[in-house]
Structures are given as C-alpha cells and as structure tokens.
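Peer 1: Spelled out, the chains give:
Protein chains: 2
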Amino acid sequence: MKTIPHALHPGATIGIIGGGQLGRMLAMAAARLGFETVILTPEAENCAGPVAGTVLIADYTDPEALARLASLAQVVTFEFENVPAKTLEILGGLGCQVAPGAKALAVAQDRVDEKTFLNTHGVPTVDFAPVSSLADLVEALARIGAPALLKTRRDGYDGKGQVWIENHDRATAEAAFIGLGAKPCILEAPAAFVREVSVIAARGHDGEVAAYPLGENHHESGILRRTSAPARVSPATLDQAQTLATRIVTALDYVGVMGVEMFELANGQLLVNEIAPRVHNTGHWTLDGCEVDQFEQHIRAIVGWPLGPTHALAQVEMTNLLGGEILDWGNLAAEAEARLWIYGKGEPRPGRKMGHVNRLFPLKP
Amino acid sequence: MKTIPHALHPGATIGIIGGGQLGRMLAMAAARLGFETVILTPEAENCAGPVAGTVLIADYTDPEALARLASLAQVVTFEFENVPAKTLEILGGLGCQVAPGAKALAVAQDRVDEKTFLNTHGVPTVDFAPVSSLADLVEALARIGAPALLKTRRDGYDGKGQVWIENHDRATAEAAFIGLGAKPCILEAPAAFVREVSVIAARGHDGEVAAYPLGENHHESGILRRTSAPARVSPATLDQAQTLATRIVTALDYVGVMGVEMFELANGQLLVNEIAPRVHNTGHWTLDGCEVDQFEQHIRAIVGWPLGPTHALAQVEMTNLLGGEILDWGNLAAEAEARLWIYGKGEPRPGRKMGHVNRLFPLKP
Numbered sequence: 001m002k003t004i005p006h007a008l009h010p011g012a013t014i015g016i017i018g019g020g021q022l023g024r025m026l027a028m029a030a031a032r033l034g035f036e037t038v039i040l041t042p043e044a045e046n047c048a049g050p051v052a053g054t055v056l057i058a059d060y061t062d063p064e065a066l067a068r069l070a071s072l073a074q075v076v077t078f079e080f081e082n083v084p085a086k087t088l089e090i091l092g093g094l095g096c097q098v099a100p101g102a103k104a105l106a107v108a109q110d111r112v113d114e115k116t117f118l119n120t121h122g123v124p125t126v127d128f129a130p131v132s133s134l135a136d137l138v139e140a141l142a143r144i145g146a147p148a149l150l151k152t153r154r155d156g157y158d159g160k161g162q163v164w165i166e167n168h169d170r171a172t173a174e175a176a177f178i179g180l181g182a183k184p185c186i187l188e189a190p191a192a193f194v195r196e197v198s199v200i201a202a203r204g205h206d207g208e209v210a211a212y213p214l215g216e217n218h219h220e221s222g223i224l225r226r227t228s229a230p231a232r233v234s235p236a237t238l239d240q241a242q243t244l245a246t247r248i249v250t251a252l253d254y255v256g257v258m259g260v261e262m263f264e265l266a267n268g269q270l271l272v273n274e275i276a277p278r279v280h281n282t283g284h285w286t287l288d289g290c291e292v293d294q295f296e297q298h299i300r301a302i303v304g305w306p307l308g309p310t311h312a313l314a315q316v317e318m319t320n321l322l323g324g325e326i327l328d329w330g331n332l333a334a335e336a337e338a339r340l341w342i343y344g345k346g347e348p349r350p351g352r353k354m355g356h357v358n359r360l361f362p363l364k365p
Numbered sequence: 001m002k003t004i005p006h007a008l009h010p011g012a013t014i015g016i017i018g019g020g021q022l023g024r025m026l027a028m029a030a031a032r033l034g035f036e037t038v039i040l041t042p043e044a045e046n047c048a049g050p051v052a053g054t055v056l057i058a059d060y061t062d063p064e065a066l067a068r069l070a071s072l073a074q075v076v077t078f079e080f081e082n083v084p085a086k087t088l089e090i091l092g093g094l095g096c097q098v099a100p101g102a103k104a105l106a107v108a109q110d111r112v113d114e115k116t117f118l119n120t121h122g123v124p125t126v127d128f129a130p131v132s133s134l135a136d137l138v139e140a141l142a143r144i145g146a147p148a149l150l151k152t153r154r155d156g157y158d159g160k161g162q163v164w165i166e167n168h169d170r171a172t173a174e175a176a177f178i179g180l181g182a183k184p185c186i187l188e189a190p191a192a193f194v195r196e197v198s199v200i201a202a203r204g205h206d207g208e209v210a211a212y213p214l215g216e217n218h219h220e221s222g223i224l225r226r227t228s229a230p231a232r233v234s235p236a237t238l239d240q241a242q243t244l245a246t247r248i249v250t251a252l253d254y255v256g257v258m259g260v261e262m263f264e265l266a267n268g269q270l271l272v273n274e275i276a277p278r279v280h281n282t283g284h285w286t287l288d289g290c291e292v293d294q295f296e297q298h299i300r301a302i303v304g305w306p307l308g309p310t311h312a313l314a315q316v317e318m319t320n321l322l323g324g325e326i327l328d329w330g331n332l333a334a335e336a337e338a339r340l341w342i343y344g345k346g347e348p349r350p351g352r353k354m355g356h357v358n359r360l361f362p363l364k365p
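Residue numbers (my numbering), protein chains in the order written: chain A, 1 to 365; chain B, 1 to 365.
These are computed hints drawn from the structure, not numbers from a lab.
It cannot be assumed that every hint is accurate.
Cβ pair distances, simulated, as ranges [what the hints assert, rightly or not]: (1) Pro-84/B - His-219/A: 53 to 59 angstroms; (2) Gly-324/B - Asp-206/A: 22 to 28 angstroms; (3) Glu-174/A - Gly-11/B: 45 to 51 angstroms.
Derived, one-sided and incomplete: chain A residues facing chain B with beta-carbon distance under 10 angstroms [said to hold, decoys possible]: (4) Ala-31; (5) Ala-44; (6) Cys-47; (7) Val-75; (8) Pro-309; (9) Ala-312; (10) Ala-334; (11) Trp-341.
Glycine included, C-beta positions come from ideal geometry on N, C-alpha and C.
Whenever a hint applies, use it, and build me the whole structure from the sequences.
Peer 2: Structure, rendered in structure tokens:
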C-alpha cells in the first residue's frame with residue numbers, strides 16, 4: 001500500500017476556505033471519497049455550502065470561525081490564492097494542517113516574488129521589473145521597452161489590475177500607474193507566444209508528482225474562454241512543461257494540485273506566466289476527460305492518499321459559461337457530446353463564471 | 001431544443017425522500033447540474049444530508065415535514081420503493097409533483113401486483129401464486145412444485161423476507177409461512193437461469209426512453225456482490241431486454257430511472273425478476289462507465305430535461321464494498337484502474353453497503 005502512514009481515513013473532515021465553484025467541486029470530490037467537508041466563506045450566498053456538511057459564514061480572519069474550522073477539520077485547503085497571511089498564522093497557531101502550505105501561497109500572491117522564485121529555480125519567465133514608483137516605472141520601461149504590461153503585484157485576477165503601456169511616454173506611464181492605484185506593481189515584457197498552454201500538476205505528501213496532459217487555453221478580455229486538451233504539442237514540449245511543473249512543486253515542497261500557465265514561443269520554448277496554488281479553471285476538462293479529475297486529485301494529495309492516473313480518456317473542449325450564456329442550458333443539455341457543470345450561482349452577471357461545458361471527442365492518435 | 005416546456009431551470013430545488021447512498025449520489029448529480037436539494041429522512045445520522053442544501057429529519061409521513069418539503073421542492077423523488085402510500089397522498093394533496101409516480105411505487109411495492117402487472121403487459125416472469133394462508137400455500141406448492149421460493153409480498157430487500165421451500169411437506173410449508181410472520185406472501189417457481197442480468201432504463205416526461213447496456217450481476221447471500229457491464233450477451237438478448245424495459249416504463253407512464261432485474265434462461269429467454277422504481281445498485285457501473293450516469297439521468301428525467309447518452313465508454317466491473325471491506329480503502333486508492341465511491345456511512349456493520357469500486361478496462365469489441 002502506497003498511502004503515507006498518516007493518511008486520513010474516509011469519514012475525516014476537510015476544511016475548504018472559499019465558497020465559490022472551485023470549493024463546490026472540491027467538496028463534491030471529497031464526498032465521492034467519503035470525506036466530510038466544512039466551508040469557510042464570508043458570503044451567506046455561496047455555491048459551495050449547499051454541497052458541504054458544514055458552512056461557517058465569517059470573515060477569513062475571524063478568530064472564532066478559524067478556531068471552529070480547526071477543531072472540525074483534520075486538514076484545511078483553499079480554493080483561491082489570496083488567502084490572508086493572517087488566516088494562515090491563526091490556523092498555524094492552532095496546530096491546524098494546511099495544504100498547500102504558506103510558502104506556496106506567499107509566492108503566488110506576489111507577482112514579483114513569484115517570477116523571482118521561478119527564475120531562481122531555473123524556470124524561465126518573461127523579463128520583468130518591480131515597480132514601486134513612477135520613477136521605477138520609467139526606468140523599467142527604458143530597459144524592457146514598450147509595449148509592456150503593468151500589473152499590480154497582488155490581488156489581480158481575470159484580467160483585473162493590469163494595463164498595457166503602449167509607448168515610453170512619461171504621461172502614458174503615469175496614467176497607467178495612477179490608473180492601477182499607484183500600488184506596488186510589476187512591469188512585464190510581452191511574450192511573443194504562439195499559444196497559451198497550462199499544465200495541472202499534483203504533488204503528494206510523499207513527494208510523488210503527477211501531471212495531466214497540457215491544455216491549450218484561449219482567453220477573451222482576460223477571462224478564460226476555453227481549454228482544449230490534450231493540447232497538440234510535440235513530445236519535447238510536453239516533457240518541458242511537465243519538467244518545469246515538477247521543478248516548481250518540488251521546490252515549494254508542495255502538497256496538492258497546482259495550475260501552471262505557460263506561454264509557448266515560436267521556437268518551442270515555454271515561459272511560465274503564472275502559478276495558481278489550487279485547482280484551476282484550465283483543469284476543468286479533467287472532470288470528464290480523466291479517470292481522476294483535478295478536484296479528486298487535490299483531495300487525494302492533501303489527505304495523503306496515492307495520486308490517481310492522469311492520462312486523458314477523451315479529447316475535451318472545455319468552454320466556460322459566462323454570465324447570460326448559462327441561460328442556454330436547455331440546448332446544452334440536449335447536446336449529446338456536451339457534459340454540463342452548473343455552479344448553482346444566483347445572478348448571471350456579465351463575465352461571471354456560471355458553469356462550464358466539456359465537449360468530448362475521441363482521442364486523436 | 002428538446003426540453004419540455006415545463007422543464008425546471010438550474011437553481012430549482014429537488015426533494016429526495018431517503019437519506020442513504022442512493023439519495024447521496026442523486027444529490028451529487030443534482031448539484032452537478034446546478035440544482036438545489038432537500039433530503040427527507042427519519043435518521044439524524046444519514047449520508048445524503050451532508051451533500052444536500054437542506055435536510056429535514058422527520059418521519060416519512062410527518063405532515064409538517066412533508067409540507068416543508070413540498071414548499072421547498074419543485075419536484076420530489078425517492079431513493080427507495082417502500083415509500084408509504086400516506087406520504088404520496090399528503091404530497092399529492094399539497095399539489096406537489098412526485099416522480100416517478102404513485103402507480104410505479106404501488107406496483108413495485110407488492111410482488112404479486114408487480115408480476116401480475118408485468119404479465120398483463122406481455123412481460124414474462126416465473127410462475128407464481130399469491131399466498132394469504134397456509135391452505136393457499138399448500139395449494140400453490142401442489143401446482144408450482146418444490147423447490148419454490150416463498151417471499152413476503154411487501155418490504156423485502158437484499159434477500160430479507162424470503163425462504164426456499166424444498167419439498168411439499170405440509171410441516172415444511174407451515175414452518176416457512178410462520179417463519180415469514182404469516183404475512184401475505186408470494187410463492188415463486190425457481191428460474192433455471194444461466195445468468196442474472198439487469199437493465200437500467202430511463203423515461204423522460206416526453207416519453208423518450210433510454211436504456212443502458214446490460215449488467216451481469218452476481219449476488220451472495222441475497223446481496224449484490226458485483227456487476228460486470230456491458231454484459232456479453234447476444235444482440236438479440238440485448239434487444240429483448242431493452243424492449244421489455246421500454247414496455248414496462250411506457251405502461252407505467254414512468255418518469256425517471258428504473259432498474260429491471262432479469263433472469264437469462266439457457267434458451268436466451270429473459271424473465272423479469274423484479275423492478276425497482278429508482279436508481280439501482282446494478283447501475284453504479286455507469287458512474288464511471290458512461291458519459292451520463294444513472295443518477296444524472298434520473299435527475300434529467302424528473303426535471304424534464306432531455307435524457308443523456310447511455311453507451312458504455314469502458315468495460316466496468318463494479319464491486320460492492322460490504323461491511324469491513326471498506327477498511328481496505330488504502331489499497332483500493334492505490335489501484336490505478338479502481339474508481340472509488342465511499343458513502344460516508346458510520347459503522348461498517350457486516351453486509352452494510354459502505355461503498356463500491358468501479359474497475360475500468362478497455363471496451364471489448
């Protein structure tokens with residue numbers, strides 16, 4: 001038996017920080033394996049609670065709620081990377097096991113720290129510079145050139161908190177910096193990529209790493225529109241991607257599933273764009289394309305179970321259902337090859353991720 | 001769009017009567033499609049509640065709980081066939097939609113009514129006779145012969161409430177009848193079957209019928225041990241099974257998934273042994289062997305959505321994990337081809353269904 005000595009038994013309780021669709025699908029995967037779940041979220045209206053045994057509605061740093069979470073759960077995980085450091089401190093002080101750990105969160109929460117960490121471990125990224133002031137930005141633009149992408153160091157997602165700077169003009173730079181709130185930023189060189197790909201990798205307590213085939217991703221307005229997987233890449237590119245992902249999760253002594261977004265350049269080289277220390281939208285294709293999906297894989301990793309197989313059983317095209325697109329559920333339900341996932345959210349606001357559909361096709365040889 | 005005009009939208013609430021593993025997996029399937037769920041069960045410790053939004057702990061005939069259920073749910077279904085008639089009366093009186101309907105339940109709850117119904121609709125069964133008294137039993141034995149199987153007309157499951165009568169001896173007959181509590185019974189001729197097979201069929205609101213490939217079932221001590229699917233049967237047998245199942249669900253104006261257990265005789269003829277107006281243990285292989293499993297199919301049917309595809313994607317061997325077998329979860333989790341479902345029940349009492357494992361193999365041509 002390959003499970004670690006301290007693997008959690010079915011019936012144990014898993015804490016999940018965050019009440020969105022990723023928390024919901026994590027709770028469903030935990031239930032499949034016989035685990036209980038408890039969700040912590042500040043939102044009374046949330047979509048993970050209805051599929052979890054217990055829901056704690058409280059701020060992420062509420063000491064009482066965290067004490068309750070720690071007393072109920074044998075391990076705590078999260079569905080988003082911007083978990084406050086204070087939350088982890090409090091849980092740590094209570095002796096609560098958190099997976100993935102604080103190091104991965106810290107690295108993923110700050111774009112400068114993230115790229116610095118990656119480069120330090122031999123993982124290539126675009127050229128970048130930290131920006132704390134307008135003077136920094138002007139200097140960075142002079143070195144990196146324009147156009148370049150200015151992003152806040154922290155808290156951006158789905159294309160928010162970033163702006164392209166098209167020229168070296170000081171006024172343009174100033175407008176961009178002010179526009180982002182004059183917060184600490186990062187200036188990134190553009191990547192002349194031919195494709196955006198991602199790899200979903202998992203690492204167990206015992207250091208075992210398992211990576212899924214690559215997904216090819218298409219974004220619109222900064223939001224993931226669709227993923228095609230397995231991506232048709234050369235064996236060398238696949239190997240390169242899996243090597244980089246393995247290097248990252250190993251360097252972080254990581255436990256759980258991680259999404260690693262990459263740019264594929266014309267010469268086949270891969271640059272890592274971003275890491276997400278959690279289950280990832282570009283891994284939703286695994287829900288219907290693999291024997292063990294990313295959510296079950298994450299649960300397996302954090303409870304100390306052996307990782308499951310990661311090969312693809314089908315060619316999958318995953319399409320996010322954004323905002324009002326969810327209203328087309330009737331036609332989607334009638335489509336034979338379409339596998340529907342609907343998140344049980346309320347209002348279909350524009351751009352809001354309401355569900356996704358996995359369309360299955362025979363694997364290409 | 002093929003959905004019926006009154007199909008329920010994602011976000012609607014589905015009521016489920018019963019808090020066991022079938023209710024649990026129904027609730028998980030409902031969640032996948034964005035539905036809310038409410039469970040009604042008399043047991044405070046139940047395994048469906050933790051994955052449902054609302055749990056009502058009350059007797060199945062509690063008027064207050066049923067009023068609450070009817071006010072929350074747009075449609076009510078059940079995980080077991082022995083729902084009291086009073087429950088359906090109360091829900092009906094409240095204008096609550098119940099699927100499958102009262103007719104299917106009534107027929108499935110009484111073994112004599114069931115076989116009479118089947119024969120009336122051209123569905124063959126073993127020879128049988130109703131038994132209300134010892135005199136009836138003696139007469140039935142004289143006609144049907146011994147050995148024969150005496151069962152209570154109502155409430156038997158997993159081999160309970162039945163006994164073989166090995167000879168025509170009046171004392172033997174009396175002991176058997178008294179042993180079953182001298183309740184209304186049925187005497188059944190034995191079937192000289194070569195295999196036990198079952199078909200899981202679904203019928204939608206619009207009368208569309210979809211049947212999965214056959215499962216071949218192996219029982220031990222009256223409890224399902226394993227199902228292999230798709231069963232290797234001739235095209236004629238498959239056709240015969242699907243025709244019989246279609247005849248049954250159509251005659252009942254049925255809505256939902258039904259399990260139809262059959263005996264395959266040496267000459268290829270099929271006799272229907274039992275119908276279960278609900279998702280069925282012999283259909284658990286579909287959870288990992290089909291795009292749309294029996295639980296999602298049931299939800300689709302009762303909410304008025306189009307039925308999903310039913311072809312097999314893999315050869316599956318489903319094995320129930322009974323009692324202490326669940327303690328082997330560590331080895332099962334480490335088995336690459338094993339897909340685990342653990343029900344989150346407490347005590348692994350002998351014979352208790354604690355989970356199941358689907359082992360996947362490439363489809364045989």
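Peer 1: Evaluate each hint against the coordinates.
Peer 2: Verification of the hints:
| no. | hint | in the structure |
| --- | --- | --- |
| 1 | Pro-84/B - His-219/A: 53 to 59 angstroms | holds, 55 angstroms |
| 2 | Gly-324/B - Asp-206/A: 22 to 28 angstroms | holds, 26 angstroms |
| 3 | Glu-174/A - Gly-11/B: 45 to 51 angstroms | holds, 46 angstroms |
| 4 | Ala-31 | holds, 5 angstroms |
| 5 | Ala-44 | violated, 13 angstroms |
| 6 | Cys-47 | holds, 9 angstroms |
| 7 | Val-75 | violated, 16 angstroms |
| 8 | Pro-309 | holds, 5 angstroms |
| 9 | Ala-312 | violated, 13 angstroms |
| 10 | Ala-334 | holds, 4 angstroms |
| 11 | Trp-341 | holds, 6 angstroms |
Checked against the numbered hints above, the structure breaks hints 5, 7, 9 and satisfies the rest.
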